[in-house]
Amino acid sequence: EQVDKHYIHYVEDKDNKSGFMYATEYRTAYVGDAIQYVLDINKFTTDGWGPWHEAGHLRQQVPWRFYNMGEVQNNIYSLAVEKAFGQPSRLEEEGVYPKVSRYLVQENKNYDEISDVFVKLAMLWQLHLAYGEEFYPKLHQLYRDMP
Numbered sequence: 001e002q003v004d005k006h007y008i009h010y011v012e013d014k015d016n017k018s019g020f021m022y023a024t025e026y027r028t029a030y031v032g033d034a035i036q037y038v039l040d041i042n043k044f045t046t047d048g049w050g051p052w053h054e055a056g057h058l059r060q061q062v063p064w065r066f067y068n069m070g071e072v073q074n075n076i077y078s079l080a081v082e083k084a085f086g087q088p089s090r091l092e093e094e095g096v097y098p099k100v101s102r103y104l105v106q107e108n109k110n111y112d113e114i115s116d117v118f119v120k121l122a123m124l125w126q127l128h129l130a131y132g133e134e135f136y137p138k139l140h141q142l143y144r145d146m147p
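In terms of the UniProt record's numbering, the numbers along the sequence shown are unbroken and rise by one, the last being 147.
Simulated from the structure, these hints should not be mistaken for lab results. It is possible that some hints are incorrect.
[Claimed, not checked] Subject to a maximum C-alpha distance of 30 Å in a straight line, what follows is the list of computed BS3-like cross-link-like pairs (lysine-lysine): (1) LYS43 to LYS14; (2) LYS5 to LYS138; (3) LYS83 to LYS43; (4) LYS138 to LYS83; (5) LYS138 to LYS99; (6) LYS43 to LYS5; (7) LYS99 to LYS83; (8) LYS5 to LYS83; (9) LYS43 to LYS109; (10) LYS43 to LYS17; (11) LYS99 to LYS109.
Bear in mind the structure is a predicted one, so any value in this text is a computation, not a measurement.
Make the full structure from the sequences, and use the hints.
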């Protein structure tokens, strides 16, 4: 098994007066009491969507970060972590799939106008469900290997 050499640092940001969590340059930062979702292993593994989401930003690849997808594609990684920790799917728990079904039966569809990021995410997650655990790692590898 290949080990990921890109470590992500989880740090507390005591100086930031706005925001809750953010990600930049191989670190995720937590403002105020947001650090609890990193320091408490129970919260991190059962209610860690925030840190998973921020870490996902650090995994996004620019060539396929499409318009209006900055807060969507990073959650592919959140779903992968959620699954690895054996947690129920947020997409199922929050009733996202019926929303997707309602969207798909519409006659006039404009993906860019979907306001619910989880509806967009559910559509991307279908690639993982259809093609398996290796779909997104292989996609990443293909993009890294492009000239």
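For each hint, the structure was consulted:
no. : hint            : in the structure
1   : LYS43 to LYS14  : holds (20 Å)
2   : LYS5 to LYS138  : holds (17 Å)
3   : LYS83 to LYS43  : holds (15 Å)
4   : LYS138 to LYS83 : holds (18 Å)
5   : LYS138 to LYS99 : holds (29 Å)
6   : LYS43 to LYS5   : holds (25 Å)
7   : LYS99 to LYS83  : holds (21 Å)
8   : LYS5 to LYS83   : holds (22 Å)
9   : LYS43 to LYS109 : violated (38 Å)
10  : LYS43 to LYS17  : holds (24 Å)
11  : LYS99 to LYS109 : holds (13 Å)
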